[in-house]
Amino acid sequence: MTPSREQKLWMYEKMLVSRRFEEAIETIYLEGKKPVFNMAKGPIPGEMHLSNGQEPCAVGVCAHLEPSDVVTATHRPHHQAIAKGIDLKRMAAEIFGKATGLSGGRGGHMHLFDPAVNFACSGIIAQGMGPAVGAALSRKMQGKPGVAIAYIGEGAVNQGAFHEALNLAAVWKLPVVFVVEDNAWGISVSKAASTAVPENHVRAEAYGMPGHLVRDNDPYEIFATAGKAIAAARNGEGPSLIEIETMRLAGHFMGDAETYRPKGEKDGLTLRDPISRMRARLIADGDADEATLDRIEEAAQAEVDEAIAFARNSPDPDPADALTSVFV
Amino acid sequence: MTNTNPARANERKLTIARAMAEATAQQMRLDPTVFVMGEDIGEFGGIYGNTRGLIAEFGAERVRDTPISETAFIGAAVGAAQDGMRPIVELMFVDFFGVCFDAIYNLMAKNTYFAGGSFRVPMVLMTSTGGGYSDGGQHSQCVYGTFAHLPGMKVVAPSNAYDAKGLMTAAIRDDNPVVFMYHKGLQGMGWLGTVPGATNHVPEESYTVEIGKAAIARPGKDVTIVSLGIGVHQALEAAKRVAEHGIDAEVVDLRSLVPLDRETIRASVAKTGRLIVVDEDYHSYGVSGEVIASVVEHDLSVLKAAPVRIAYPDVPIPFARVMEQFCLPNADKIVAAIETMLGRQTVGEPS
Ligand SMILES: Cc1ncc(C[n+]2csc(CCOP(=O)(O)OP(=O)(O)O)c2C)c(N)n1
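In order, the protein sequences belong to chains E and Y.
Numbering that gives the first Met the number 0 numbers the first residue of the first sequence as 0 and each following residue consecutively.
Numbering that gives the first Met the number 0 numbers the first residue of the second sequence as 0 and each following residue consecutively.
Source of the hints: derived by calculation from the structure; they are not laboratory data.
Incorrect hints may appear among the rest.
[Stated by the list, open to error] With a cut-off of at most 20 angstroms between alpha-carbon atoms, the simulated EDC-like pairs for lysine to aspartate or glutamate come out as follows:
#1 E:LYS88 - E:GLU302
#2 E:LYS33 - E:GLU12
#3 E:LYS33 - E:GLU22
#4 Y:LYS212 - Y:ASP173
#5 E:LYS265 - Y:GLU42
#6 E:LYS262 - Y:GLU42
#7 Y:LYS332 - E:GLU198
#8 Y:LYS332 - E:ASP304
#9 Y:LYS12 - Y:GLU203
#10 Y:LYS239 - Y:ASP331
#11 Y:LYS220 - Y:ASP298
#12 E:LYS40 - E:ASP315
One chain only, chain E, in its complex shape:
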């Protein structure tokens, strides 16, 4: 299964939107945090986990999804949210904690919820596993079409919820695909230091489901592998697991000095930045010319600028609104 030219350009565009969005967030996040970095200050306070480098995992999978399909994501959710088609303006506003945000400012960057595209994420490791299984169960019980995707990091495969959810999904043959973004680090703990299993896709076999590995952050390979897994899930063939070798270009969170990362490791990564690689590949394969890609770049930048302006210009929530929305 190879992506069509149209699908390739869609993937490239979404990767760019994600990257440009995070570049904007990165700059604004540092406003008010200089010269002294204090997480509590500035227009975007709190923790900030950027996903730059990991964009292929988002687009290669979400290219196969409808708005009605379900995605549960992690503390590092921007790329997945954007690929799933989240309302970018309201997502930006949520990250700024504004009244116009997806949750009116209650959630923040780790808690983005958009029912229009069935997207949700959360801050506890492996927490999305159960809800993805549950969404798949619900579709099956209601006889409604749709698949669920649970995105997690490679650090999350050592959490109990991961194993229980895999087993449950397999024994009930549910339409869910588990996607492990292996960026080699769980904060400061390397993959090698956290599991004796060199490749996590083999864990799928233990639960009676297929496991796949995609190397080198390759968007087309991710597209192909996810396409098969999602089609199988839609056809009632049950769950599967996809492990993707990706890369964390930034620190775990903004402000992370990354002293634990071996010297030079990141230089190598930057050279393999998936955005520039994909651009070169689109041209080399004759899928697009420079002018077309420039237009996509401009459109992506414009979309991001609009979302950021919307967020900046939106009002703060009424403080007392904190007391609402506990129950409906």
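Since the structure of chain E is already known, use the hints to place chain Y with the ligand on it.
Okay, now just chain Y with the ligand, sitting in the frame of chain E:
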């Protein structure tokens, strides 16, 4: 020895993070059975700095970075503790207790009792609490009451570095499980901002602060403010402000939640006749209610006014700064409560 911190000029000051690391290092030097496990506690030195330097001195055998497997490594600490070790484990944010509470409250807290005392569980579970910096509702909670409610574990929550070192030393030496809850806003991490009063004089030598003993952080006669952790600093600030209006507030720093020093609370309220409890944990079913119950069930007659609690409203913690700050206890809210309780006329009329 048990101490309250003597205020001395020109003496070494430490952050809570450094005080915790120093206490841990000193006990590790003395006792080879003491070791540390947790996420990012090795090279990283702990997200909140409380294990910094330990791996350099003691190596990766005794300072163990774990996978993100809290159920496994906290359960493992229980097993190791029962087998002659003295583990110190870190749960990075207390909010994460949801994934591993079985190991904590059904094993760590109960095994000594189930075993009729024949098994000991000498371990420390250290964990960060608190919000105020917009980290959202899964990274900002205190849940003091949740831990303190469940029998079988001691629970401490220091407000300053002196107490942190003494309580940490006492916790490591204790033959029972101790939950050590440190507030992120007091920790002294550059990137988070710190209440200055939390960083105070810490003697170099080992000492203990007795678990189960509250401290009078400020003596006063008109109203008792009971709090813990960051709330102590807010109470002290409020006390300073109302003092300008002639109100003399006493601030009680609980330091320990289990055992709770009910005697000190009762003695203070018996003196002042008025009680305000400040707690960053959720309002209902928590520390604030317990403190008030400790007074009223003992002797209702000491009270000149109905007790008041200033706690986090019973809602999940919102991300947006204005909403979170609206919900959090602060010195303004305490001052307002004091003024209401003592009658507004007192204010502005120094006695
Ligand atoms: C249960 C739980 N334990 C610990 C954490 C703290 N934490 C946040 S992100 C993270 C590392 C996650 O690594 P991984 O799953 O590989 O995702 P990545 O951050 O690399 O995207 C940790 C330990 C948490 N949020 N939840």
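Checked hints:
1. E:LYS88 - E:GLU302: holds (9 angstroms)
2. E:LYS33 - E:GLU12: violated (32 angstroms)
3. E:LYS33 - E:GLU22: Within the cut-off at roughly 17 angstroms; holds.
4. Y:LYS212 - Y:ASP173: At roughly 15 angstroms apart (the allowed maximum being 20 angstroms), ASP173 of chain Y and LYS212 of chain Y satisfy the hint.
5. E:LYS265 - Y:GLU42: holds (18 angstroms)
6. E:LYS262 - Y:GLU42: holds (14 angstroms)
7. Y:LYS332 - E:GLU198: With Cα atoms ~54 angstroms apart, LYS332 of chain Y and GLU198 of chain E exceed 20 angstroms; violated.
8. Y:LYS332 - E:ASP304: Not satisfied, since the Cα-Cα distance of roughly 40 angstroms exceeds 20 angstroms.
9. Y:LYS12 - Y:GLU203: holds (10 angstroms)
10. Y:LYS239 - Y:ASP331: Within the cut-off at roughly 12 angstroms; holds.
11. Y:LYS220 - Y:ASP298: Cα-Cα ~18 angstroms, so holds.
12. E:LYS40 - E:ASP315: holds (15 angstroms)
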